[in-house]
Amino acid sequence: MNKNSKSKYIYLSPVIIYAIVLILFPIIYILFLSFQTSDNYGGIIYSLTLNNYLKIFDIVYLRVLYKSACIAIITTFICILIAYPFSIFISEKKANTQKILITLVMIPFLTNSLIRTYGWIVLLRKEGVFNSVLRSLNLIDNPISFMYNNLGVFIGLVYTLLPFMILPVYSSVSKIDKKVLEAAEDLGANSYQKFMKVILPQTLPGIFNGSLMVFIPAIGMFFIADLLGGGKIMLIGNLIKNQFLVSRNWPFGAAISIFLIVITFILVKFYKKSGGNMDDLGGF
Amino acid sequence: MKKVMVSLKNVFKDYDEKKIIKGINLDIMEGEFLTLLGPSGCGKTTLLRTISGLEKVSSGKIYIDGEDVTDVIPRKRAVNTIFQNFALFSHMTVEKNIEFGLKMKKVPKEESRKRVKEIIELIQMEGFEDRKPSQLSGGQQQRVALARGLVNMPKVLLLDEPLSSLDMKLRKQMEIDLQRIQKKLGITFIYVTHDQDEALSMSDRVAIINNGVIEQIDTPKNLYNYPKTKFVADFIGESNQFKAVVVSCEKDEAIIKLEIDLEIKIKNNNYDVGENLVVIIRPEQFKLAKERDVTNCFYVKTKEHIYNGAFTKVLGKVAKKEIEFIIYNDDEYTKNEEVKLKFNSDDIVILEDNDEQK
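Quick note, the sequences are listed as chains X and S, same order. Going by our numbering, the residue at position 16 of the first sequence is 352; the numbering climbs one at a time, nothing skipped. Going by our numbering, the residue at position 22 of the second sequence is 309; the numbering climbs one at a time, nothing skipped.
Quick caveat, the hints were computed from the structure, so don't treat them as lab data. Hints may contain errors.
[To be verified] Dumping the calculated EDC-like pairs for lysine to aspartate or glutamate here, alpha-carbon to alpha-carbon at most 16 Å:
| # | chain 1 | residue 1 | chain 2 | residue 2 |
| --- | --- | --- | --- | --- |
| 1 | X | K533 | S | D484 |
| 2 | S | K517 | S | E342 |
| 3 | S | K343 | X | E518 |
| 4 | X | K514 | S | E342 |
| 5 | S | K343 | S | D355 |
| 6 | X | K515 | S | E342 |
| 7 | S | K343 | S | D301 |
| 8 | S | K442 | S | D355 |
| 9 | S | K588 | S | E609 |
| 10 | S | K508 | S | E540 |
| 11 | S | K629 | S | D640 |
| 12 | S | K538 | S | E525 |
| 13 | S | K604 | S | D633 |
| 14 | S | K363 | X | E518 |
| 15 | X | K515 | S | E448 |
| 16 | X | K514 | X | E428 |
| 17 | X | K533 | X | D513 |
| 18 | S | K309 | S | E448 |
[Claimed, not checked] Examples of chain S residues lying across from chain X (beta carbon under 10 Å, computed):
| # | residue |
| --- | --- |
| 19 | T333 |
| 20 | R336 |
| 21 | L341 |
| 22 | R364 |
| 23 | N367 |
| 24 | M379 |
| 25 | T380 |
| 26 | F387 |
| 27 | A432 |
| 28 | L487 |
| 29 | C584 |
[What the hints assert, rightly or not] In silico negatives: residues of chain S with every beta carbon more than 12 Å from chain X:
| # | residue |
| --- | --- |
| 30 | P326 |
| 31 | K456 |
| 32 | N563 |
For each residue, glycine too, the CB sits at the ideal point set by N, CA and C.
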């Protein structure tokens, strides 16, 4: 090893140590746990078994998986519908205005998402802001149930995850060369054709990237389902949390976690195969 | 007599109070290769975009093939544009790029396939149909852009500095190809460039644009030999410009005195004694004078020279005035030497000096 690469590792050592201690070790430990058995008191019996994985395919848990997937897919879809026009709207502004608008999108990240979710409760509950306003305007007689149902979960998930869709979609929309759009117009494309044939295909990587960044957390965001779904809605995230904190069945929780990681890898693999650029996944 | 294909009537264009185009009238004939030539920022690209419809005029009218298209949107105009950086659809193959215009115009599949094949042959890109633009060289991308613009057989093709991103050798090749294709298809080409070599070598006529107005429009040869303004003389080719004043007038002849203290005899063109003129002499119009030559001769002290292969460009000085001339035999030159030059007073261009603000 020459001097140069040695000093490179010295500079990188804090990051490397951080990644090994806080990311790599826990994942290896989770992987290890997933092959163990739990005793009745939450202790771990060291063994080597695939039972935890087989248990995931139990009909009860498959239903949870199915429901989680549905909710995550719908959330992703709603995010695309909001983020896409919004990104086009931003990208047509002047360069400085664009920067300001994108910063505004980022600002909510400064507040913990759990606190922001509590904020939504204040707005959405039966005596909340929305219902009070609607009632005082005589628009409704009985309060609308905005939360403790699927609607509440969707509102919470879309609100929390929307920036993860906006940033990659905006990044791909803003990369489109204006001249290319003019060329399409010049060659006879109307607005609809211009969108379908030129804008959409060129922004698909951004949409896929955003979808990945929304879909995966959407499966796992247990606190939103707990707070806004009233504990009635069980997502994979809740399932994992319950295995660790309530049922004290760590090995089963670990197995579901690994299962989720594998699904993520498959999706990324699929993205790469369909011509996606890994750099697009990394940053914006 | 050929018919007028594109006609601009008194076209003005302002951007936020800034006047870009200040009243342009221009008739372009069917099948003509016309170049809009001017320095950057002169409004030539904006003018082109008003013809394609991508830019709306502030006032004035635009006619294409006799039809008033001033308020017609771009896709309804029978023109296509070749953009500066090609603006190809990066997610489509060569074939799909070329096919795009036909698809938008809903040309039947059979017909469309035939035309794409023909045009790919025309641009000599057989075998590249399934490549993506990123897999092509600059010259190839340029060909595809050209094919994409031509496949709809527009009445007019607008080219916005299409060769500017190509290297010198490729550019020369593309100049030849462009001319060949234009003559073969008989489509009117309107070509925007700031490169005078391109303009002179390809065009039937060139319109010199400066500050949003047409300075002069003529064949390349006439522009070079008979520039009508100092700007044109300066912009097209190299030129030595001398201030001159009319010393005496007779019926047919006048004598003027150049700023290098040289009196020459020229044809009288209603000059008045004391009138200010500008005399333009091209570097190649100077010849080395013999001992016995007396008229239109002067001595120059040589300063610098630029060897150019076939000829050598020499910078000289006479009475504080820098002069450029060309010699064809490098051996005749030595630095800091007095050289006697002559010129033929019939070749030179004489303009009235109405540039008072200077």
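Check: Straight-line Cα separation of K343/S and E518/X no greater than 16 Å?
Finding: With Cα atoms ~14 Å apart, K343/S and E518/X stay inside 16 Å; holds.
Item checked: Given hint E540/S paired with K508/S - CA-CA distance at most 16 Å -> The hint is violated at about 27 Å.
Notebook entry, point to check: Keeping to a limit of 16 Å between CA atoms, is the pair of K629/S and D640/S held or broken?
Noted result: Distance ~23 Å between K629/S and D640/S Cα, so the pair is violated.
Margin query: Check the hint pairing K515/X with E448/S against an upper bound of 16 Å on the C-alpha distance.
Written below: Holds, because 14 Å separates the two Cα atoms, which is no more than 16 Å.
Checklist line | Restraint status (C-alpha distance of K442/S to D355/S at most 16 Å) | finding: holds (14 Å)
Next item on the list: With 12 Å as the threshold, tell me whether P326/S passes as away from chain X on beta-carbon distances.
Entry: P326/S clear of chain X: closest Cβ-Cβ about 22 Å, beyond 12 Å.
Checklist line | M379/S as an interface hint toward chain X, with CB separation required under 10 Å | finding: holds (8 Å)
Next item on the list: Starting from K514/X, check that the Cα of E428/X is at most 16 Å away, please.
Entry: Answer holds: K514/X to E428/X is near 10 Å, not above 16 Å.
Checklist line | Reported absence of K456/S from the contact zone with chain X (all CB gaps over 12 Å) | finding: K456/S clear of chain X: closest Cβ-Cβ about 26 Å, beyond 12 Å.
Check: Quick one, is the C584/S hint okay against chain X at 10 Å, beta carbons?
Finding: Violated. Min distance 55 Å.
Item checked: K533/X paired with D513/X [C-alpha distance capped at 16 Å] -> holds (14 Å)
Checklist line | 16 Å Cα cutoff - pair K514/X, E342/S | finding: Holds - the C-alpha atoms of E342/S and K514/X are around 14 Å apart, at most 16 Å.
Violation of the numbered hints given earlier is confined to hints 1, 2, 10, 11, 12, 13, 18, 19, 25, 28, 29; the remaining hints are satisfied by the structure.
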